Every structure is written in structure tokens, then in C-alpha cells.
Amino acid sequence: MRELVGRPYHEIRPRLGKDLSVRELVDAYLENIARLDGQVRAYLTVSADQARAQARELDDRLARGEPLPPLAGVPVAVKDNLCTRGVRTTCGSRILEPFVPPYDATAVQRLREAGAVLLGKTNLDEFAMGSSTENSGFFATRNPWRLDHVPGGSSGGSAAAVAAGEALAALGSDTGGSIRQPASLCGVVGLKPTYGRVSRYGLVAFASSLDQIGPLSLDVRDCALVLQAICGRDPHDSTSVDLPVPDFVASLEAGVRGVRVGVPAEFFGEGLQPEVRQAVLEAVRVLEGLGARVEEVALPTLEYALPTYYLIACAEASSNLARYDGVAYGYRSPRAHDLYTLYARTRAEGFGPEVKRRIMLGTFALSEGYYEGFYKKAQQVRTLVRRDFDRCFQTVDVLATPTSPVAGFRLGERTADPLQMYLADVYTIPVNLAGLPGISVPCGFVEGLPVGLQLVGRPFEEATVLRVAYAYEQATEWHRHRCPLLRA
Amino acid sequence: MDYETVIGLEIHVQLLTQSKMFCGCSTRFGAPPNTQTCPVCLGLPGSLPVINRRAVELGLRAALVLNCTVHPSSQFHRKNYYYPDLPKNYQISQYQYLEHPPLATDGYLDIEVDGQRRRVGIRRVHLEEDTGRLVHPAEGAVSWVDYNRSGVPLMEIVTYPDLRSPQEARAFLLKLRQVLQYAEVSTGRMEEGTLRCDANVSLRRPGEPLGTRTEVKNMNSIRSVERALAYEVARQREVLERGGAVVQETRHWDERRGITFASRSKEEAEDYRYFPEPDLVPVEVTPEWLEEVRRSLPELPDARRDRIMAQYGLGRYDAELLVQTRATADFFEAAVAAHPSPKSIANWMLGDLSAYLNEHNLEIDQLRVTPGQLAELVRLVEEGTISGRIAKDVLVEMLETGDSPRSIVDRRGWVQIADEGALRETVEAVIRDHPEPVRDVQAGKEKAIAFLVGQVMRRTQGRANPALVQRLLRERLGLPPQG
Ligand SMILES: [Zn+2]
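Residue numbers (the numbering used here), protein chains in the order written: chain A, 1 to 488; chain B, 489 to 971.
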């Protein structure tokens, strides 16, 4: 059954209910998890029994001749900051190690309704704070392409799982690049939808005004399929928007003739690995060759995006993470003896160093006397970043940039220097600040490590982004490469 | 030279919604601990708040009856602080930033004290969520948390420092409660915690800037607000007259001892790190929505009082009492509609009925007697079927049984004796048995006739028509008919 693993769903689906059962598909993935996850360490929790039960139920429905739901039998992995009813949800943090949610996140519920089978919960940087998955409170995940390298983060577990054939598709969350950057580093497709496109209900908040849930997959068509299932207004999330959801798959093949592609010069400057630059510019030429019109655009606020992001994200996080206090759920320090020590010791023992760093930074930014100079100023700069993008989108339809400034880095290489780590998201962060849809698709390799092309669109124009990404993908072979681990 | 008292109030009102501010849980009072909770009001990871539109609507109703300016767009904020009754460790509240106004600002409410009309400014009206409750059992070094109240919708009303005496503060709270009850915004009962009040108090020489204020908390009835403020005013006056300075601090009212005392002051002022709640979109109030709310408001107490005076010819005092609660005014108007004797109905309501309500600590809408039944009682008296004296007994039985006055009168055989022949015999007997009062009457002491009337009433168990008895006695004793 090994041949089933690592093939996109749209190739598998026609066989379901004919020479292939959902149970066989799910078992193939569970076997591959058993074979590889000891090395990759993508999963925090594998819910094999539930997955098999769900698979049996789907097979019964198929046997009764019921129509196939859109994601029937897709073995999915879900980042462990998305609530799953009855399945432990840790956020990669010791402080939530014992937490079992009584409810499903809306996106998870919609995946289940679409017929997807939940294999388990994937590793992440604690509370999604990080770019390498090394900040997990449990263990580091490895890049399946080169096990001594990081998979990126914070959705590193989800990206590595898809790349290693340990899940056919996955959900991640993206606050500053946490879907796109690991997708880039693991050589898979990852999309962050427009802010408000996918309900955040059940996504454990890191930075509420930036977080979005999105799919990771082997190719663009699968990405569109999963996105289709999770999109749309949810009455449980006031910030989810009530806009019609187009048929993303149907519009994939419209081509790029006449599409205007903007290349912002600021994204190709200092700090960009030359081989990555070359791969991305080559990808732009491919699009041009397919009939797209390429022009240079300016995003001068790029240099302010990173500090702006860290002020806003940390400020919101400092408040969002205040609830982990040992009172009602989660970890409680056994050394607490009064209210103050309950708070102080639970949090001191439960949170890792990066989370503490950001809580302190955010608390400071919101404090009296500093609010105006930090948080409020950051919001003003955020508006400027948004305007920069608006201006670009008056003349172009999508922007093409590198996803990550480097193809990858080794485990431990950046852990000592938080600023170096923060720079890993320098090209993805502005997209979150502006709330835009962005995708990363594979566009080359550097020393055996994948490179990602980032395409960014206007608000709620995921369809355009997917269409351009699909055209590029169909014209190239990068998405057909599988990591050596999976091929072995 | 005397001091002027300056008082401002901060009032928290629980809104009359079925469900909580940001989730669908019930707001019903008294359920077993933690049974009215969900991921949202427990602050579970991943849960998100959604604004209860009905709560906003009640806020708008309050804003309108308080004559406020309603802001077309207002924003919720997070107030960050740690306490175990606050599951998220932040409270979602509307906090006034320059760029983010609360739901409504700058209104007023008119009150009357000693016949003087005063206008009290309302600084702001905003919405927020309540916290849970800590329970400290007598045994063991533990505390429990009940999150049933967590997320219950609250409205905060802040006045300008326009009140000049504890009496005015009391009058304001009574009036506020009255209009909020009329508008069906809140039950406004301090005793039940659906209305809570903190007060800022300071003294100053007239014409001088505001003095240092103290904040008085922990008052659990309107009466205790007045008492606490009177105490605090006297305390500050004494401090100032001694040449001392008032310390800016929070003081707690001790109802039993009748004093305020300084609570342990925090070493540093708390920094709540307010910032706009990113999980919620702004509250948008369109002119159409506001107009719809305005149209749905009932006639307010002052207007209703004036109309009742004009329409039914009642005095201001009586009319004021009748509009005290909307239910009372509704009862009155329903009774008058059934039998158009407004003065008698008002007298019954403000007399026997109100005494019964006070005695049994009931609200008028909890009575077994309907407005139609009271109207019928009044009609029976006016038609002479029963005497006013008997009517009082009938009412008592109506209140206890809920039966109609007609059926009680029939059952008890309380129909008034209007038969001259039957009464003449009783009159003769009374004259025979009381020669002295008879002599007094005949000697010109007309007052003594009341005694004889009373004796006849007594022998008939009150069923005699008093006017008839009076006439028969006068005839029999040779007095001229009463003028
Ligand atoms: Zn609830």
C-alpha cells in the first residue's frame, strides 16, 4: 500500500469505493506514520483508533451508495492549536498538556463534515510562536528532506507530515507566516486565506487580529479542495466575513494570460539567499512565459513590518495567554500555595522561554505610558503597510516574492538569537499585517532543500492566487518531488 | 462658611436578557454552580465572543431614556487583570478612548427633591460582561468558582458629579430604577444585585474647585447608599474642619456598624492595559435601528403621571404614586377601563392594596387580584350592594383567594341590608338599650348619634347601609334630616 502514500487526493479519489477503501487509504497513512514519525516527529498525538472508526463509517456510507463528500477519506493532520473534541490539544505547551477540548474548532468540524479523516495532531512552536518548531514544549520536528534541518514553523509538524507522507493534507495556522514558511521549507503547498475567510473559532489564539487557519497539501488542486471545505461565515466568529465563497477548483485552470504579476524590489534585497533569489526570479519568468505581465512594484514599508508585527502580535498574545493560570483547566503547579503562587509558578513552569519573552514584550507595549508609543504607533504603521499593498494592487493582480529568505537552516542554528529567528518570516509577515491571502508553492531546491515562491493577492481573491499558483505548478515539476525518506 | 457636597455615581445594571453578553448561555439566577456555562463564558482556549444583539438593544433603550447621544460605532476593549472569577483574566468592556467612544454619552435624568427639580448629567453608558463568583466554604483552605454569572450582560452608567446631597443620590437612584424598569432594561433591584452602585464623594467650599474624593463601595440597597453617603459626608466634613485633608481612597460601607472604612490601599495603581478587543467587530448602530428602538419605548413615568393627572382628574401626589412602577400604572389604567371611577380606584390602590403589598413584600404583578376584580369591588360599593366597611373584608378575601368580589359577597351573605323594615327593628332595639346616648342626642349633642349608628352597624355585622341607618335614627329621635 506504500504506493498510495504521497500522491495527491485528486489522483486517489476516483479509486475510492472501487479498488480502494477509505480504510485502506487511512491504514496506508497510519503505517507510514509508524514507519517514519520516529525520525520526523511531526505528531504530538496520533488518534489511530478514531481515524479507523471514521474510515469504517465512510466505507459503510460508500457501500450504501451514498455520494462521496468532497474530502471523503482524506487522511488529514491538524495542527495542535486547533481544538478537537475528545482529542488532547496542547498548543505545543506544557501548560496545556492535559487539555482535552469539549468541542471541535469550526474548521475541524467542517473538515469532518466534508469526509476527511483526522489522523492526529501535529507539533508546533509553543502557542505558534516560532519559525522552526524548535520552540515546542515537547520536542523538535525535523525537516523530512534533511533531518538535521528544521521544518520551519510554527506549523512545522503539519508541513513535515504532508512532506513525509504522514498525512495527505493538513491544517495549519498562520499569524506571521506559520503556514507558508514551513510549506516552503518542506516543499509543499501552504495557503493563508484572507483574514476573515476562515472561522477562527476553536483556533487557540496567538494574535487574534492576525491569525488565520489554512491548508497545507501536496499540490495546488488539493489545496483548493481543502480550502473550499473550511471557508465561509461562521456565526461563532464575529470576524469571519459573510461573503460568497467561489468554486476554487473550478477556476484553477483559467490560466495567467494577461494576469499582472508585481515583483516588489524590497523583497529581493539584503538577507536573501542568492540561490533562493534565483529560483524565485526564475519562477517569475515562468509565469511571464505563460502570458502573465510582470512589472516591478514598491512596498517601501517592508522594513517596518517586522517590528510592527512583533508589537501587535505580542500585545495581543500577552492578553490571549493570560487565561492559562492553573485555575480551571490545564497545568497547575503542584508548588502553588496561594493565589499569587498559583499564577506565578503555574506560568513560570508551564510556559517556555519564547512565550515568556513575547508575553513580557506585549505586556510592556500595552502598559500605561507606552501604549501610545508602541501599540498605537504599531497600529498606525499597520495601516501604512496595508495602504502600500492597496497601492500595488491598483496596478497588479498578484505579487510574487520569496516565501522565506533562506531555503532552510539547521536545528539549533538560530535558537540562540531570537532576532535571527524572527527574520525567517520577514517576507510573510507583511501579508498578515494587511490581512491578505498568500500561498507558498515549491519552486526549486538548494542543496536538497526546497525553495518556496510566495504569491499574494487582493483581499478575498484566493481564487486568483490559486489560479496563478496552479498555472505555475502545471508548468513545472517541483511539486512532484518527494523527500528521500518517503522514497526509501 | 459651609461646605458643598459633590457626589457622582457609578451604577452597574444587569440587563434583562435571556442569554449572556457573548454566548448563548442562560442568565437565569440561582441555577446549580457552573451549569450555565460553555466554552465561551468559561474562557476555554479557542473560544470567541459574539455580541448579544439584544443586550445592545437594551443598552440603546437605556441610552434613549437617559437622553444620551448614541454613537453610531462603538468598540469593545479588553480590561486586563488577574482574578480567579475572571476566566480569561480580562474583562470585555467598552472603554472610552478618544477614537473609540462607548455606546452612548452625555445624557441627563431629571429628579425632584423637596419640590425642586434638578437635572443630573449622565457621562456615559456602556456595556460589559460580569465576572463569575468566588465561593469560600467555611471549612478548608479552598475557594470555589461559580462561572454561572460569568459573561452576564452588564451596563455601566456613570453620572457627572452633579448630585449635591445623599437625598439627591437616593432620589436619582429611585428615578433611574424607575425609568429602567419602565423601559424593561433591568429589574434594577439592589437587594438582588441587578443594580449595584458605587459613589464618589467630595466636599468643597462653594465656588471652589472639586475637593479630594473618596470612592464608597459595598452598598446593597438604595437606603444604604443614602446612609453611607450621609456618613461619608459627615466624616469628610469633620476631617476638613479639624484642618485635615481628605485622602483619595476607596472606602467600604459597613451596613451593620453604619460606617465607611478605608480598604487596604494598593501599593501602586492598577494598570489594566486596555486595548481594542480584536475578537469583536465594532458595534454599529444605524439611524434606522435607533429609530426602531425609540419607537418601541413605552410612555415614561413623568409623561404618564402628567397624562394620568389630566385624563383622570387625579392630584399630582396620587398620580406620582400610581406611576411608581409601570405595573402599578398599568393596573390602575386597566381597572379604570373596566369601571370609570378613577378616584375610588386610586384610593383603593394607594390604601388597602398598597398596605397589603408592603406587608407581604410583594409587587403588584404578583397579586391574585386582577384590575377587573378591583373595578368590580368599587362598582359594588358605588351601587350600594355592599358597604365600604364590608368592601375592606371582601378585598382581604380577594387577595387571599383570588375569587371575584361578587362571589365572595354572595358566599358570605354580605349583601348590604337596605330593607327599612328590617333595620327599624334594630334601630328600636338600640334606642331601648342605650338610653343615655339617646338623651344626649335629644339634648342637642348631635355627635352622640355616631355612637348609635355604630351600634346598629355592629348588630348587623356591618351589613347595614350606613346612610339609611343615619336617616332612620334621626327620624326616630325627631332630628331634622342631615344637610
Ligand atoms: Zn456561555
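Hints may be right or wrong, so weigh each one.
The calculated lysine-lysine pairs, modelled on BS3-like cross-linking and capped at a C-alpha distance of 30 Å, are [to be verified]:
1) Lys663(B) with Lys377(A)
2) Lys880(B) with Lys935(B)
3) Lys705(B) with Lys663(B)
4) Lys831(B) with Lys880(B)
5) Lys567(B) with Lys356(A)
6) Lys377(A) with Lys356(A)
7) Lys935(B) with Lys663(B)
8) Lys831(B) with Lys935(B)
9) Lys831(B) with Lys376(A)
What follows is a set of in silico ranges between Cβ atoms, one per label pair, in the way DEER data are often shown [to be verified]:
10) Pro418(A) with Arg621(B): 52 to 62 Å
11) Tyr569(B) with Gly255(A): 53 to 63 Å
12) Ala722(B) with Lys356(A): 50 to 60 Å
13) Phe138(A) with Phe749(B): 43 to 53 Å
14) His740(B) with Gln379(A): 35 to 45 Å
15) Lys356(A) with Val623(B): 31 to 41 Å
16) Phe138(A) with Cys526(B): 39 to 49 Å
17) Phe749(B) with Gln379(A): 25 to 35 Å
18) Cys526(B) with Ala348(A): 51 to 61 Å
19) Val241(A) with Pro828(B): 39 to 49 Å
20) Pro353(A) with Pro786(B): 41 to 51 Å
21) Ala344(A) with Arg744(B): 43 to 53 Å
Calculated from the structure, these hints are not laboratory results.
Quick caveat, the model's predicted, so the values are computed rather than measured.
We treat Cβ as the ideally placed atom computed from N, Cα and C, and that holds for glycine.
Checked hints:
As the CA atoms of lysine 663(B) and lysine 377(A) are separated by approximately 44 Å, the hinted pair breaks the 30 Å bound. Proximity of lysine 880(B) to lysine 935(B) is assessed by CA-CA distance (about 25 Å); at most 30 Å being required, the pair is judged to hold. Simply put, lysine 705(B) and lysine 663(B) have alpha-carbon atoms about 20 Å apart, close enough for the 30 Å limit, and the pair holds. Restraint check for lysine 831(B) and lysine 880(B): satisfied, since their Cα atoms lie roughly 16 Å apart, inside the 30 Å limit.
Of the supplied pair hints, the one linking lysine 567(B) and lysine 356(A) holds, its CA atoms being roughly 20 Å apart against a limit of 30 Å. Distance restraint check for lysine 377(A) and lysine 356(A): the Cα-Cα separation of roughly 23 Å lies within the 30 Å cut-off, and the hinted pair is therefore satisfied. Between lysine 935(B) and lysine 663(B) the CA atoms are separated by roughly 47 Å; this puts the pair beyond 30 Å, and the hint is violated. With a C-alpha separation of about 29 Å, the suggested pair lysine 831(B) and lysine 935(B) falls inside the 30 Å cut-off, and the hint holds.
Our distance criterion of 30 Å between C-alpha atoms is broken by lysine 831(B) and lysine 376(A), whose separation comes to about 64 Å. In this structure the hint that proline 418(A) and arginine 621(B) lie 52 to 62 Å apart at CB is violated, the actual value being about 41 Å. Distance hint for tyrosine 569(B) and glycine 255(A): a CB-CB separation of about 56 Å, consistent with the stated range 53 to 63 Å. For alanine 722(B) paired with lysine 356(A), a C-beta distance near 51 Å keeps the hint of 50 to 60 Å intact.
At roughly 52 Å, the beta-carbon separation of phenylalanine 138(A) and phenylalanine 749(B) lies within the given 43 to 53 Å, and the hint holds. For the pair histidine 740(B) and glutamine 379(A), the supplied restraint of 35 to 45 Å holds, since their beta-carbon distance comes to about 39 Å. For the pair lysine 356(A) and valine 623(B), the beta carbons lie near 32 Å from each other, so the given range of 31 to 41 Å is met. Between phenylalanine 138(A) and cysteine 526(B) the Cβ separation comes to about 29 Å, which falls outside the hinted range of 39 to 49 Å.
Range check, phenylalanine 749(B) to glutamine 379(A): Cβ separation about 43 Å, and the 25 to 35 Å hint is violated. Separation of cysteine 526(B) from alanine 348(A) is about 30 Å and departs from the stated range, judged on CB atoms against 51 to 61 Å. The hint said 39 to 49 Å for the Cβ distance between valine 241(A) and proline 828(B), and at roughly 59 Å that hint is violated. Take proline 353(A) and proline 786(B): their Cβ atoms lie about 60 Å apart, and the range 41 to 51 Å is violated.
With their beta carbons about 36 Å apart, alanine 344(A) and arginine 744(B) fall outside the hinted range of 43 to 53 Å.
Checked against the numbered hints above, the structure breaks hints 1, 7, 9, 10, 16, 17, 18, 19, 20, 21 and satisfies the rest.
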